[in-house]
Amino acid sequence: MNSPKPVDGGDELNLYESRKTVHNQRIDGPFRRFKWFVMLVTLGIYYVTPWLRWDRGPYAPDQAVLIDLANRRFYMFGIEIWPHEFYFVAGLLIMAGIGLFLVTSAVGRAWCGYACPQTVWTDLFQHVDRFVDGDRNARIRLDKAPWGPAKVARRGFKWSIYLVISLITGGAWILYFADAPTLFRDFFTLQADPVAYATVGILTATTFVFGGFMREQVCVYMCPWPRIQTAMLDEKSLIVTYKDWRGEKRGSVKKAAKNPDEFGDCIDCNQCVAVCPTGIDIREGQQIGCITCALCIDACDRVMKEVGRPRGLIDYATLEACDAEAEGAPPQPAWKALLRPRTIAYTLIWASIGGAMLFALGVRSHTDLSVSPDRNPPFMLLSDGSVRNAYTLKLRNMESRPRDMEIALSGLPGAMMWTDTIGPDNAARTQIVAVPADATKTVRAYVKASSGTAAQDFSFILTSQDEQRESDEAPTRFTAGEEGQ
Amino acid sequence: MMADKPSDGKRIDDPTGTELVGHEWDGIEELNTPLPRWWLWTFYLTIIWSAVYVVLYPAWPLIEKGTEGVLGWSSRGDLIDEMGAADAARQTFREQLAAIDVDKLRDNPDLLQQALAGGQAAFKVNCTQCHGSGAAGNQKLGYPNLNDDDWIWGGDLDAIHYTIAHGIRQDEDNGLRQGVMPAFDGAFDAAQLDAVTDHVLSLSKKAQSNAIGAQLYADNCVACHGASGEGDRAQGAPRLDDAIWLRGGSRAEIKAQILNPKMGAMPGWEERLDPATVKMLTAYVHSLGGGEQTVANTADDPVTEPEVDGDEQP
Ligand code: SF4
Ligand code: SF4
Numbered sequence: 001m002n003s004p005k006p007v008d009g010g011d012e013l014n015l016y017e018s019r020k021t022v023h024n025q026r027i028d029g030p031f032r033r034f035k036w037f038v039m040l041v042t043l044g045i046y047y048v049t050p051w052l053r054w055d056r057g058p059y060a061p062d063q064a065v066l067i068d069l070a071n072r073r074f075y076m077f078g079i080e081i082w083p084h085e086f087y088f089v090a091g092l093l094i095m096a097g098i099g100l101f102l103v104t105s106a107v108g109r110a111w112c113g114y115a116c117p118q119t120v121w122t123d124l125f126q127h128v129d130r131f132v133d134g135d136r137n138a139r140i141r142l143d144k145a146p147w148g149p150a151k152v153a154r155r156g157f158k159w160s161i162y163l164v165i166s167l168i169t170g171g172a173w174i175l176y177f178a179d180a181p182t183l184f185r186d187f188f189t190l191q192a193d194p195v196a197y198a199t200v201g202i203l204t205a206t207t208f209v210f211g212g213f214m215r216e217q218v219c220v221y222m223c224p225w226p227r228i229q230t231a232m233l234d235e236k237s238l239i240v241t242y243k244d245w246r247g248e249k250r251g252s253v254k255k256a257a258k259n260p261d262e263f264g265d266c267i268d269c270n271q272c273v274a275v276c277p278t279g280i281d282i283r284e285g286q287q288i289g290c291i292t293c294a295l296c297i298d299a300c301d302r303v304m305k306e307v308g309r310p311r312g313l314i315d316y317a318t319l320e321a322c323d324a325e326a327e328g329a330p331p332q333p334a335w336k337a338l339l340r341p342r343t344i345a346y347t348l349i350w351a352s353i354g355g356a357m358l359f360a361l362g363v364r365s366h367t368d369l370s371v372s373p374d375r376n377p378p379f380m381l382l383s384d385g386s387v388r389n390a391y392t393l394k395l396r397n398m399e400s401r402p403r404d405m406e407i408a409l410s411g412l413p414g415a416m417m418w419t420d421t422i423g424p425d426n427a428a429r430t431q432i433v434a435v436p437a438d439a440t441k442t443v444r445a446y447v448k449a450s451s452g453t454a455a456q457d458f459s460f461i462l463t464s465q466d467e468q469r470e471s472d473e474a475p476t477r478f479t480a481g482e483e484g485q
Numbered sequence: 001m002m003a004d005k006p007s008d009g010k011r012i013d014d015p016t017g018t019e020l021v022g023h024e025w026d027g028i029e030e031l032n033t034p035l036p037r038w039w040l041w042t043f044y045l046t047i048i049w050s051a052v053y054v055v056l057y058p059a060w061p062l063i064e065k066g067t068e069g070v071l072g073w074s075s076r077g078d079l080i081d082e083m084g085a086a087d088a089a090r091q092t093f094r095e096q097l098a099a100i101d102v103d104k105l106r107d108n109p110d111l112l113q114q115a116l117a118g119g120q121a122a123f124k125v126n127c128t129q130c131h132g133s134g135a136a137g138n139q140k141l142g143y144p145n146l147n148d149d150d151w152i153w154g155g156d157l158d159a160i161h162y163t164i165a166h167g168i169r170q171d172e173d174n175g176l177r178q179g180v181m182p183a184f185d186g187a188f189d190a191a192q193l194d195a196v197t198d199h200v201l202s203l204s205k206k207a208q209s210n211a212i213g214a215q216l217y218a219d220n221c222v223a224c225h226g227a228s229g230e231g232d233r234a235q236g237a238p239r240l241d242d243a244i245w246l247r248g249g250s251r252a253e254i255k256a257q258i259l260n261p262k263m264g265a266m267p268g269w270e271e272r273l274d275p276a277t278v279k280m281l282t283a284y285v286h287s288l289g290g291g292e293q294t295v296a297n298t299a300d301d302p303v304t305e306p307e308v309d310g311d312e313q314p
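Residue numbers (my numbering), protein chains in the order written: chain S, 1 to 485; chain X, 1 to 314.
FYI, nobody ran anything at the bench for these hints, they're computed from the structure. A portion of the hints provided could be inaccurate.
As the list claims (entries may be wrong) - Here are the simulated SDA-like cross-link-like pairs (lysine to any residue), alpha carbons at most 20 Å apart as the crow flies:
#1 X/K206 x S/D384
#2 S/K20 x X/T42
#3 S/K441 x X/A223
#4 X/K206 x S/T453
#5 X/K205 x S/A329
#6 S/K20 x X/A223
#7 X/K124 x S/S451
#8 X/K140 x S/P378
#9 S/K394 x X/K206
#10 X/K262 x X/S287
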């Protein structure tokens with residue numbers, strides 16, 4: 001370890017640091033264009049989705065994607081998820097997690113660089129900066145300029161654009177939770193629920209602050225992900241790397257021309273730093289601030305082209321390939337890093353969960369029965385000596401039309417049943433109950449067996465009275481005691 | 001290891017390029033990684049926030065009680081407000097319930113549902129002590145089971161309502177639901193007691209009848225319990241021909257009941273609960289599984305005796 005060297009400066013230690021504003025420069029290149037594309041797609045999905053319609057008939061909402069908290073339903077195009085099917089949501093979350101592992105092990109922090117909402121909105125706000133204030137140099141100049149009417153006006157204009165974007169962002173969020181056109185109208189006529197205004201207010205504020213001002217600080221100081229990341233990357237993952245064996249020692253074109261043996265390919269033009277949205281210098285090596293957006297690759301490739309050197313001084317590469325290349329091996333094609341046991345294993349796990357969920361979706365029944373026997377009292381002796389048990393049945397009709405359902409006893413010979421509305425006079429082995437569209441109906445059922453019937457297991461069977469004749473069986477138990485009363 | 005220690009300025013750690021704070025333990029030196037300034041502001045803000053909070057809200061415990069805060073807010077006050085609001089919300093329901101006849105409740109599913117929920121809650125508070133939380137009663141103590149289909153004073157909505165309102169064997173009440181069974185201690189000798197017990201058991205096919213028992217029954221019991229033991233709800237005389245025994249159906253239990261009948265009592269709830277709650281209780285008890293249809297033809301006794309339900313019985 002080298003000895004610490006004294007530096008000039010005051011006596012005070014600098015315990016708190018103000019942020020150094022990042023003025024990233026415009027750049028064009030394949031990665032930048034891909035970033036545009038991802039931004040358009042993700043923002044498009046986010047803002048447009050709530051407005052899509054989906055006809056579900058007269059008994060269900062017509063919004064394609066709707067999280068209906070009040071009625072506890074989640075609609076997604078042709079799929080309707082009930083609370084008891086929450087495992088689908090859990091499955092999606094697990095898939096999202098494994099998907100993140102997969103992407104990270106294959107292409108490092110590509111999620112951070114392209115698709116993370118913080119990145120997408122930060123990028124959007126940086127374009128606003130560029131649109132209002134101009135590119136990097138103009139912005140630096142404006143930042144340094146003293147406050148005057150012109151600067152106030154400019155900042156006011158820029159911040160109001162921030163605010164409008166933030167408001168649309170917060171506004172779009174609530175549209176996922178209610179009928180979008182109705183809520184939209186109610187929102188502006190001040191008739192929406194206070195929760196809607198509060199949600200929009202909070203999301204507008206966070207978008208404004210995080211996207212407009214905090215930016216890379218969210219990634220560096222607040223986000224846990226870059227820290228977890230380390231555990232998921234290895235020397236075979238693609239990451240953005242500066243090939244120092246090729247670049248060093250840095251020097252201008254002129255110097256290099258004079259002394260080609262001494263200088264590497266990096267001409268120290270700082271373009272890679274200027275374009276970086278988090279303002280870091282990738283040439284210092286892997287660091288937490290790098291979101292792997294590859295804009296520095298675009299920048300350096302362009303510089304290399306100008307000075308007539310091969311591209312890829314900064315490149316997507318694995319650390320392993322970098323080392324090999326430094327030893328003189330030919331560059332490894334990127335796809336090789338994508339296809340390896342680890343990524344294949346993640347893909348298989350991911351796909352099999354997806355497949356299992358699709359299968360479950362395909363075969364799931366829209367008819368469901370659950371039964372809970374009364375425990376207090378567990379059974380009842382009737383005046384004719386027979387024994388009666390009571391059960392609470394939950395009949396689920398998950399179709400968006402009302403259906404008749406047949407409840408039947410399976411087992412328990414000789415027993416009869418009736419419900420609270422049907423009454424004991426109409427006791428029979430089967431009963432028909434109408435269940436409203438897209439609803440759960442709770443029915444109290446009484447089962448009566450003749451005197452001397454022993455305690456035993458039996459089932460209720462629910463069958464929908466339509467073409468499908470979907471059915472569900474709910475096993476339960478009949479309780480009988482000693483000769484009672 | 002560290003070298004020179006200049007008195008004046010910052011020192012930089014070479015490999016990392018980071019400033020040192022000057023703390024050292026066993027040759028390991030602490031690097032200075034400054035927090036961002038916004039973080040510092042956030043921290044100050046939380047301090048200001050807590051100061052404001054302490055002033056506005058109850059916060060500081062003192063010896064007797066805590067500071068109250070200038071807003072005058074308290075969680076108890078919150079609760080009272082909420083309960084007031086809930087009560088106000090229930091007001092319409094209570095008014096509707098008070099206005100409706102109890103046997104019309106079934107025609108109004110919404111009201112019925114609320115009544116059942118309210119009835120269940122009221123049952124838990126007022127009735128479970130005797131009838132049990134599942135309303136299954138207690139045979140040893142003679143509290144009737146409210147789930148079964150045997151009703152001593154009648155099991156339709158009106159009868160149940162009347163029983164709950166007036167209670168059973170309440171002296172101060174109007175004389176209804178006062179069913180009394182005389183004690184036969186001393187009236188029968190041992191053989192007669194055996195014979196009449198046999199006859200009672202034979203009514204529900206649990207023993208052979210016999211001539212002596214049948215005669216004794218005809219002389220002493222028929223007036224209330226009926227020739228075939230069918231009981232009489234008007235007097236609250238229980239059926240003897242079914243499988244349900246309020247105080248046990250064993251030979252010994254029946255004998256004990258003949259000799260010295262135990263007769264339960266139930267308070268009239270009209271006095272203690274408001275009419276809406278009594279109706280809710282009625283709906284709930286009726287819904288337990290044994291509720292009977294109201295019989296329309298009660299032409300003979302329009303007002304005075306709307307069959308009492310009850311389960312109380314010697
Ligand atoms: S160093 Fe390069 S890849 Fe990393 S954030 Fe900056 S521009 Fe993006
Ligand atoms: S852009 Fe390329 S050449 Fe320019 S400083 Fe960065 S690494 Fe060196």
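Outcome of the hint check:
1. X/K206 x S/D384: At roughly 13 Å apart (the allowed maximum being 20 Å), S/D384 and X/K206 satisfy the hint.
2. S/K20 x X/T42: holds (18 Å)
3. S/K441 x X/A223: Not OK: S/K441 and X/A223 at ~48 Å, beyond 20 Å, violated.
4. X/K206 x S/T453: holds (18 Å)
5. X/K205 x S/A329: violated (102 Å)
6. S/K20 x X/A223: violated (103 Å)
7. X/K124 x S/S451: violated (31 Å)
8. X/K140 x S/P378: holds (18 Å)
9. S/K394 x X/K206: Roughly 40 Å between the alpha carbons, so the hint for S/K394 and X/K206 is violated.
10. X/K262 x X/S287: With a Cα-Cα distance of about 28 Å, the restraint between X/K262 and X/S287 is violated, given a limit of 20 Å.
Hint check: violations occur at hints 3, 5, 6, 7, 9 and 10; the rest are consistent with the structure.
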